[in-house]
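**Q** Protein chains in written order, with UniProt numbering: chain B, 1 to 135; chain E, 1 to 120.
Note that these hints are calculated values from the structure, not bench results.
All C-beta atoms in this analysis are idealised placements derived from N, C-alpha and C, irrespective of residue type, glycine included.
Honestly, I wouldn't trust all of these hints.
To be verified - Chain E side only, calculated, beta carbon under 10 Å to chain B, not exhaustive:
hint, residue
1, ASP20
2, THR58
3, LEU74
4, GLU77
5, VAL81
6, GLY100
7, ALA104
8, LEU107
9, SER108
Stated by the list, open to error - According to the in silico footprint, chain E covers these stretches of chain B (three or more CB under 8 Å from chain E):
hint, region
10, 30-42
11, 119-125
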Amino acid sequence: MSAPPAEPAARIELRQERDVAAARIAVSRAMDAMGARALRKTRFVTAVSEIARNALDHGGGGVLEVYRLERPLRIMIRCRDEGPGIADLDQAMTDGFSTARSMGKGLGGARRLVEAFRIESRPGSGTTVEMEAKP
Amino acid sequence: MSEAASIYSVDKVLLVAIRDNITDTDIINLQEDLSERIVNEAARGVVIDIAALEIVDTFVGRILAQLSSISRLLAAETYIVGMRPAVAMTLVELGMDLPGSKTALSLSHALRSLKAKGLA
Ligand SMILES: Nc1ncnc2c1ncn2[C@@H]1O[C@H](COP(=O)(O)OP(=O)(O)OP(=O)(O)O)[C@@H](O)[C@H]1O
Ligand SMILES: [Mg+2]
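Input sequences plus hints: build the corresponding full structure.
**A** Now the structure itself:
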């Protein structure tokens with residue numbers, strides 16, 4: 001993925017469960033600062049929660065950065081981990097697929113909830129997810 | 001009792017208020033506390049209040065589904081109340097419309113339904 005466009009507005013280390021809540025709060029604040037509408041914020045923060053939890057649960061922890069992009073104004077997050085990566089991305093994005101005996105709705109759901117969704121992953125080299133939404 | 005949720009007794013109904021930062025560990029405690037109280041207090045109704053939740057992701061969605069199933073198995077009719085409209089729309093898009101759970105708009109709506117059935 002290309003270089004981040006600017007300094008992040010927030011950067012959260014995802015090491016334990018409460019860091020997922022910290023990521024949600026940071027994104028929620030950044031969207032409030034943009035005057036985001038309630039439904040857009042709920043959708044985006046929910047997607048962020050899924051991706052941050054995946055980085056923690058499947059990626060062994062990671063880092064989430066929040067960016068404010070201009071022209072047109074939008075929010076972007078980048079979530080990186082250096083975990084085992086995903087061998088088959090199409091399969092992982094499919095609702096119902098989980099290697100954790102969970103529901104497997106996180107990745108597919110997150111993609112439906114945001115305006116732009118990019119994922120990059122290779123076995124052994126970790127996973128990076130970028131998501132964007134209008135305020 | 002875990003900090004991420006508290007259980008109150010109102011008119012023989014157990015009211016569970018879920019807070020925003022609930023974790024895996026809290027859930028186990030909450031499931032235990034709630035099932036013990038249903039049995040000990042012979043509660044016939046449970047109301048799970050999620051008004052404090054700004055979002056419900058798949059993690060919390062699963063917690064809600066599990067809590068409803070546990071209470072139902074212990075013969076307590078269970079309602080989820082206080083869901084924000086934006087949360088409902090988001091849950092549908094996640095593919096989590098909580099099929100096994102009854103919902104009511106507010107605590108008083110849920111209590112009225114439970115009273116009408118003689119469960120409160
Ligand atoms: N950051 C990651 N690193 C490694 N594997 C991942 C990562 N994110 C997702 N995966 C893989 O993709 C699968 C699907 O992810 P998804 O979030 O859809 O479901 P889940 O996390 O298993 O369950 P749910 O999110 O519904 O509780 C996971 O089971 C895991 O195998
Ligand atoms: Mg997941």
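**Q** It remains to establish, for every hint, whether it holds in the given structure.
**A** Quick rundown of the hints versus the structure:
Taking 10 Å as the C-beta cut-off, the interface hint given for E:ASP20 holds, the closest approach to chain B being about 7 Å. A hinted interface residue such as E:THR58 counts as satisfied when its beta carbon comes closer than 10 Å to some beta carbon of chain B; here the least separation is about 5 Å, so the hint holds. A least Cβ separation of about 24 Å between E:LEU74 and chain B goes past the 10 Å threshold, and the interface hint is therefore violated. Annotation: interface hint on E:GLU77 violated; nearest CB of chain B at approximately 25 Å, more than 10 Å.
Interface hint status for E:VAL81: violated, as the beta-carbon distance to the closest one in chain B is roughly 18 Å, over 10 Å. A least Cβ separation of about 13 Å between E:GLY100 and chain B goes past the 10 Å threshold, and the interface hint is therefore violated. Below 10 Å, beta-carbon pairs count as interface contacts, and E:ALA104 has none with chain B, the closest being about 21 Å; its hint is therefore violated. The beta carbon of E:LEU107 comes no nearer than 22 Å to any beta carbon in chain B, farther than 10 Å, and the hint placing it at the interface is violated.
Of the supplied interface hints, the one on E:SER108 is violated, with its beta-carbon coming no nearer than about 24 Å to a beta-carbon of chain B, more than 10 Å. Only when three residues or more bring their CB closer than 8 Å to a CB of chain E does the claim for the region 30-42 of chain B stand; here the count is 4, and the claim holds. Three residues within the 8 Å Cβ limit are the bar, and the region 119-125 of chain B against chain E gives 0, so the coverage statement is violated.
Of the numbered hints listed earlier, those contradicted by the structure are 3, 4, 5, 6, 7, 8, 9 and 11.
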